[in-house]
Amino acid sequence: MATIAGEPPYQERSLFVRKATGLVRGWSVHDAFIYAAFSINLITLGLYIFSFGPFIPKASLLLAVILSGAYLVFQTVVYAALIAVMPRAGGDYVWVSRVIGGGLGFTLAVCGWWFINWHWVPIYANILTKEFFQPLGAILGWSGFVSFFNEPKGIFTASVITALLAAFFISIGMRGYARLQKVCFYGGMLGLLIIFGLLIFHTKTAFQSSFNHYAVKTYHGPPNAYAATLKKGTYSGAGSLGGLAFGSTILLIPMIAFFNLWSNWGATLYGEVRGASDFRKNITAMAGALVATSIGAVIFILLIAHTMGWNFYNSANNAFWSGTDSMGGVWPYPVTLATFFVSPWLQFIVILLMSMWFFGWVGTVFLTASRVIFATAFDRILPEWAARVDKRGTPYYAILIMLGPSLIISYFYAYNSTFTSWTLDATLVIAVTFVGSTVAAGILPWRKPEIYNASPIAKYKVAGVPLITVSAVAFLAFLGFCIYKWLQDGVYGSNNHGSLIYMGCLYGVALGIYIVSRIVRRRQGMDLGMVYNEIPAE
Amino acid sequence: MRLYFATDVHGSETCWRKFLNAAEHYKADVLVLGGDMTGKALVPIIDDGGGKWHATLLEVRTDMTTEEEVAAFEDKVIRRGYYPFRTDPANLQKLSEDESHWHGLFQEKMLETVEKWMRMADERLGGTGIRIMCSPGNDDQFEVDEIIENAKTVELGEGRVVDLDGFQVVSTGWSNRTPWHTYREEDEPDLRARLEAAISQVTVSPERVIFNFHCPPYRSGLDDAPELTEDMMLKDAGRAVKPVGSTAVREAIEAHEPALSLHGHIHESRGNCRIGRTLCINPGSSYEQGDLMGAVVDVDGKKKVKRFLLTSG
Chain A
34 MATIAGEPPY QERSLFVRKA TGLVRGWSVH DAFIYAAFSI NLITLGLYIF SFGPFIPKAS
94 LLLAVILSGA YLVFQTVVYA ALIAVMPRAG GDYVWVSRVI GGGLGFTLAV CGWWFINWHW
154 VPIYANILTK EFFQPLGAIL GWSGFVSFFN EPKGIFTASV ITALLAAFFI SIGMRGYARL
214 QKVCFYGGML GLLIIFGLLI FHTKTAFQSS FNHYAVKTYH GPPNAYAATL KKGTYSGAGS
274 LGGLAFGSTI LLIPMIAFFN LWSNWGATLY GEVRGASDFR KNITAMAGAL VATSIGAVIF
334 ILLIAHTMGW NFYNSANNAF WSGTDSMGGV WPYPVTLATF FVSPWLQFIV ILLMSMWFFG
394 WVGTVFLTAS RVIFATAFDR ILPEWAARVD KRGTPYYAIL IMLGPSLIIS YFYAYNSTFT
454 SWTLDATLVI AVTFVGSTVA AGILPWRKPE IYNASPIAKY KVAGVPLITV SAVAFLAFLG
514 FCIYKWLQDG VYGSNNHGSL IYMGCLYGVA LGIYIVSRIV RRRQGMDLGM VYNEIPAE
Chain B
102 MRLYFATDVH GSETCWRKFL NAAEHYKADV LVLGGDMTGK ALVPIIDDGG GKWHATLLEV
162 RTDMTTEEEV AAFEDKVIRR GYYPFRTDPA NLQKLSEDES HWHGLFQEKM LETVEKWMRM
222 ADERLGGTGI RIMCSPGNDD QFEVDEIIEN AKTVELGEGR VVDLDGFQVV STGWSNRTPW
282 HTYREEDEPD LRARLEAAIS QVTVSPERVI FNFHCPPYRS GLDDAPELTE DMMLKDAGRA
342 VKPVGSTAVR EAIEAHEPAL SLHGHIHESR GNCRIGRTLC INPGSSYEQG DLMGAVVDVD
402 GKKKVKRFLL TSG
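One line per chain: the protein sequences are A and B, in this order. Quick note on the numbering used here: the first sequence kicks off at 34 and runs consecutively. Quick note on the numbering used here: the second sequence kicks off at 102 and runs consecutively.
In short, the hints are calculated from the structure, not lab data. Be aware that a few hints might be false.
Stated by the list, open to error - Derived lysine to any residue pairs resembling SDA-like cross-links, with alpha carbons at most 20 angstroms apart:
| no. | chain 1 | residue 1 | chain 2 | residue 2 |
| --- | --- | --- | --- | --- |
| 1 | B | 210 | A | 47 |
| 2 | A | 52 | B | 186 |
| 3 | A | 424 | B | 267 |
| 4 | A | 215 | B | 328 |
| 5 | B | 343 | A | 56 |
| 6 | A | 424 | B | 375 |
| 7 | B | 343 | A | 47 |
| 8 | B | 343 | A | 482 |
| 9 | A | 492 | B | 164 |
| 10 | B | 343 | A | 206 |
| 11 | A | 52 | B | 288 |
| 12 | A | 52 | B | 282 |
| 13 | B | 177 | A | 47 |
| 14 | A | 52 | B | 196 |
| 15 | B | 407 | A | 47 |
| 16 | B | 405 | B | 267 |
| 17 | B | 177 | A | 482 |
| 18 | B | 343 | A | 492 |
| 19 | B | 153 | B | 128 |
| 20 | B | 128 | A | 554 |
| 21 | A | 52 | B | 198 |
Whenever a hint applies, use it, and build me the whole structure from the sequences.
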């Protein structure tokens with residue numbers, strides 16, 4: 034049929050949708066990007082782990098961030114595909130339990146998202162101390178306050194504050210927490226732009242002078258602290274900024290994974306998705322956050338090199354971790370160093386702004402765990418009360434079983450150095466959970482063909498092989514390499530014998546809960562196998 | 102008595118087939134479908150001439166050249182919960198330009214499907230002694246009730262009390278107001294009056310009463326749905342969820358304390374909770390994936406439900 038000039042051309046309609054509950058126009062990729070960006074948190078996780086860069090001789094931090102950031106796009110494809118095929122709250126638990134088996138799904142998810150997050154509380158607390166309490170305390174001249182957080186009681190106090198904050202954010206509900214995260218994102222971005230501006234518009238000479246001034250005035254460091262730092266911290270194995278020592282750089286990637294392995298952190302929260310566009314949106318949000326954060330990291334690293342000097346940055350970190358620093362035992366937080374160009378009050382305000390990267394992020398330590406607790410309680414593995422909510426919708430028991438053990442673990446973490454070393458495998462345990470989900474993703478087209486073929490991702494293939502499988506194999510290779518290096522090489526601080534035994538015990542406890550639960554439920558006349566078994570459709 | 106409950110299958114034939122097979126799979130005596138049986142979309146399969154056809158599902162265009170391919174595509178659409186129809190470009194344009202025309206076609210396809218489902222129930226479960234009850238939900242047009250009413254094997258639940266092996270099931274698919282202005286929704290006071298009218302027909306003690314109300318109780322954890330913007334987008338990428346259940350349903354449960362209260366409506370809010378001594382269940386829905394979410398519940402007439410499991414079949 035001819036189109037009359039001036040009228041919009043007829044567009045063939047491929048779907049007629051009537052009025053029905055739940056039909057929405059989609060969701061904003063921008064919003065999803067914000068939440069993914071909070072999980073791969075450049076300021077908290079990134080800057081903290083970058084300070085361990087000097088431990089891998091000759092490695093290029095810049096190259097490691099770029100290579101790992103690009104490669105981990107495979108991870109985002111795996112998780113976006115899993116969400117598209119089985120969009121369920123409970124994420125890793127639901128996928129592994131439905132595709133591989135309930136026992137494995139429960140054990141991996143409970144260890145990787147619940148038990149291990151008790152141990153992440155002191156890690157979060159350590160970052161809170163280094164990026165909030167100590168720099169702000171130092172500016173205010175509260176030297177006792179600053180040194181308090183280097184002591185066991187300070188570490189424990191920070192852990193209690195962290196755990197209570199996370200519990201509070203869960204108690205206000207997803208709606209409130211989502212809004213808080215958004216506010217924190219914009220506040221944090223403003224702070225980051227100010228930091229970038231300060232580093233762009235000042236010279237290395239100006240930095241040397243500022244550092245020498247504030248290292249003495251605020252941190253009671255030695256005179257000519259810049260030179261002192263270089264002298265004490267320089268070592269022959271330090272990697273150069275633009276170095277192409279590929280082998281060494283690859284070895285830095287398992288370290289960097291502490292920062293950029295978490296683009297999928299919110300995957301346990303997803304509900305319904307609608308079509309292929311939602312699959313693409315999920316990839317765009319997760320991979321976009323990964324790539325944008327990696328670009329942010331590259332810019333930060335280059336600006337540090339430009340204004341502070343790459344040797345100085347490495348030396349400051351090396352000196353801090355070897356106890357010979359020039360800042361009174363306070364971690365050389367790059368944000369603090371960048372604010373040395375402005376007055377102490379402005380320093381205070383900018384560090385406060387940058388702390389929003391922590392406060393918008395801290396709830397994640399319990400949030401995902403609460404979803405796993407709910408999903409496993411609804412499957413009757415955990416008792417019914419674990420998923421109970423009060424009239425305000427607060428999951429008080431789930432909060433309690435996150436909060437209580439995390440406080441006990443934080444106490445031992447603070448006061449018992451042997452126990453502290455047992456927690457070193459915290460990243461490894463989550464990576465093992467990812468292995469389970471990634472294997473489930475890889476075999477999904479064959480294990481659940483009906484569900485897979487009915488999903489919008491079934492059309493995506495690479496040389497005839499489902500994209501989800503190709504991406505899963507690629508991501509498995511990454512995880513396998515990281516896990517091998519973490520177990521094999523002491524430099525990552527995670528091949529501690531005691532830690533492996535301790536983590537093994539956590540897996541044992543999780544498996545024990547599952548077995549006991551199956552026995553108890555069977556005695557009650559319930560076969561938990563019914564939870565996962567598919568009803569024949571024909 | 103073992104009861105199997107599922108809800109919100111929204112036209113998915115895979116889910117309906119699984120629902121009928123659930124009796125044998127879970128050894129259930131009674132099957133209850135909680136509402137929203139009918140699909141949400143029509144999918145045109147367009148004749149390009151010369152034996153060629155094309156259609157788009159989930160934003161993926163499929164070109165077909167044989168009758169087998171077209172039939173397989175239709176089957177795929179039906180399994181997902183949509184209604185396929187064959188047309189040509191000229192008729193499709195006419196249909197697109199006339200809302201009443203395509204609404205009529207929608208209703209025809211939808212009712213045809215419900216009739217087909219009733220026949221399937223007769224074929225599979227007729228004469229087995231297994232009771233099946235359906236109660237249309239807020240998304241189901243009123244014409245659906247008549248078809249169920251006239252079915253041989255399936256019993257209609259809407260607005261009435263159905264006796265099941267010494268237990269009484271009170272049902273309604275009506276909900277409180279939604280942003281979509283669906284067929285069976287009303288203000289909370291009216292809903293409360295509707296619920297009370299149905300409950301007043303109950304003649305057994307609360308331990309033997311089962312509520313089958315499509316809409317979940319307010320602030321129960323079974324009613325958390327994503328908050329929407331004014332232009333019907335998911336706020337905060339779907340992370341900002343809020344309770345949207347009915348206060349009338351909650352008040353009815355608190356006032357009458359049945360042993361069990363079955364709900365649906367909010368697909369994402371799978372779970373169970375207790376309000377007083379009442380066990381409330383929303384098994385959720387994953388109909389688009391062909392995954393039948395359900396609940397297997399054993400009741401014995403004592404104060405509390407004997408046992409239950411949420412299943413994903």
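A quick look at each hint next to the structure:
1. B:210 with A:47: The hint holds at about 16 angstroms.
2. A:52 with B:186: Holds. Residue 52 of chain A to residue 186 of chain B sits at ~19 angstroms (cutoff 20 angstroms).
3. A:424 with B:267: Violated - the C-alpha atoms of residue 267 of chain B and residue 424 of chain A are around 33 angstroms apart, more than 20 angstroms.
4. A:215 with B:328: Status holds; Cα separation ~15 angstroms.
5. B:343 with A:56: holds (17 angstroms)
6. A:424 with B:375: holds (11 angstroms)
7. B:343 with A:47: violated (33 angstroms)
8. B:343 with A:482: violated (34 angstroms)
9. A:492 with B:164: At roughly 13 angstroms apart (the allowed maximum being 20 angstroms), residue 164 of chain B and residue 492 of chain A satisfy the hint.
10. B:343 with A:206: holds (9 angstroms)
11. A:52 with B:288: Distance ~19 angstroms between residue 52 of chain A and residue 288 of chain B Cα, so the pair holds.
12. A:52 with B:282: The hint holds at about 7 angstroms.
13. B:177 with A:47: Between residue 177 of chain B and residue 47 of chain A the Cα gap is close to 15 angstroms, so the pair holds against 20 angstroms.
14. A:52 with B:196: holds (17 angstroms)
15. B:407 with A:47: violated (48 angstroms)
16. B:405 with B:267: Given pair residue 405 of chain B, residue 267 of chain B holds - Cα atoms ~16 angstroms apart, limit 20 angstroms.
17. B:177 with A:482: With Cα atoms ~13 angstroms apart, residue 177 of chain B and residue 482 of chain A stay inside 20 angstroms; holds.
18. B:343 with A:492: violated (34 angstroms)
19. B:153 with B:128: Answer violated: residue 153 of chain B to residue 128 of chain B is near 46 angstroms, above 20 angstroms.
20. B:128 with A:554: Holds, at about 17 angstroms.
21. A:52 with B:198: holds (17 angstroms)
Taken one by one, the earlier hints fail for this structure at numbers 3, 7, 8, 15, 18 and 19, listed in ascending order.
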